[in-house]
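Peer 1: What follows is the residue order along each chain.
Protein chains: 2
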Amino acid sequence: MISYRTPVLEEWVDYNGHLRDAFYLLIFSYATDAFMAEIGVDPARDRRSLFTLECHLNYLHEVKLGTQVQVHTRVIGHDRKRLHLYHSLHAGDDEQPLATTEQMLLHVDLAGPRSTPFGEATVQCLERLQAGQADEPSPINIGRTITL
Amino acid sequence: MISYRTPVLEEWVDYNGHLRDAFYLLIFSYATDAFMAEIGVDPARDRRSLFTLECHLNYLHEVKLGTQVQVHTRVIGHDRKRLHLYHSLHAGDDEQPLATTEQMLLHVDLAGPRSTPFGEATVQCLERLQAGQADEPSPINIGRTITL
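For the record, the sequence lines run as chains V and F.
Heads up, the final residue of the first sequence is numbered 153 in the working numbering, and it's a clean run with no missing numbers.
Heads up, the final residue of the second sequence is numbered 153 in the working numbering, and it's a clean run with no missing numbers.
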């Protein structure tokens with residue numbers, strides 16, 4: 006699914022006119038927010054949210070100011086409280102990613118804050134999304150370790 | 006070494022008053038810029054820079070608006086063109102990190118842009134820094150894989 010679309014904004018680029026590493030993650034972070042709404046996790050309504058525990062990013066291409074980008078999102082897996090999510094960043098409809106990220110997210114009751122199991126509707130939504138991805142190509146850069 | 010200090014700014018926090026995941030990386034990104042200057046890689050003078058190839062982040066604690074944070078930086082290793090760098094984020098002088106990141110960075114000639122070997126002075130500086138870390142505690146979260 007396409008979870009987020011944006012042009013690359015002026016405040017996100019460096020002295021060279023290229024998207025700075027942290028702002029790739031900001032775009033992915035907005036995509037996670039949009040995905041969170043999609044699966045029915047709503048901080049304003051239910052005081053539930055997703056906290057990022059861990060993430061890994063691979064930067065494949067430079068991205069210039071003004072480029073129209075979109076984020077494709079996939080569910081890699083989940084357990085009772087955690088979601089393993091994958092995003093890739095693309096220029097327009099281009100299939101080749103500009104960057105990828107995998108993230109481990111924790112479902113949190115903001116009243117604690119403390120971790121709490123996903124609601125039943127969210128679990129069903131995650132399983133439906135996962136089943137719907139069966140025909141898509143395998144995501145790249147999953148399970149990587151950083152090493153020289 | 007301490008490579009960067011900043012308060013947590015208003016534009017970096019979410020609806021909850023906590024530092025958003027991408028802005029931890031922005032602070033680390035500024036720390037990498039400061040470290041780059043430290044090792045004599047200077048885009049303005051030499052048209053050389055460091056491009057981020059890959060990074061992994063672990064989020065250990067929430068960080069609130071206004072917190073004074075500092076980044077500790079270590080050299081994990083390097084080869085002719087690549088630098089394996091580690092940052093941890095701390096509240097003030099606290100030894101317990103709020104977050105950690107390891108990054109693989111590529112030395113680039115911006116005229117290409119194309120990868121290019123580090124200069125001799127930079128290599129000596131990296132080796133001096135690495136030798137100087139021998140007494141520090143081992144960094145956590147190195148070489149991790151994301152998995153449920």
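Among the hints, erroneous ones may be present.
A pair counts as met if it fits within one copy or between any two copies, since identical chains are not told apart.
Derived SDA-like pairs (lysine to any residue); straight-line CA-CA distance at most 25 Å [stated by the list, open to error]:
#	residue 1	residue 2
1	LYS86	GLY117
2	LYS86	LEU103
3	LYS69	ALA126
4	LYS69	GLU43
5	LYS69	GLU16
Honestly, the hints are just simulated from the structure, not real lab data.
Peer 1: Now tell me if each hint is right for this structure.
Peer 2: Now the hints, each set against the structure:
Taking identical chains as interchangeable, the C-alpha atoms of LYS86 and GLY117 lie at most 25 Å apart only when both belong to the same chain, with a minimum of 15 Å there against 46 Å between chains. Proximity of LYS86 to LEU103 under the C-alpha cut-off of 25 Å is restricted to the inter-copy arrangement: shortest distance 22 Å between copies versus 30 Å within a copy. Taking the shortest alpha-carbon separations for LYS69 and ALA126, neither the intra-copy value of 39 Å nor the inter-copy value of 32 Å comes in at or below 25 Å. With identical chains, the CA atoms of LYS69 and GLU43 are never at most 25 Å apart, being 29 Å at best within one copy and 27 Å at best between copies.
Both within a single protomer and between protomers do LYS69 and GLU16 lie at most 25 Å apart by alpha-carbon distance, with minima of 12 Å and 23 Å respectively.
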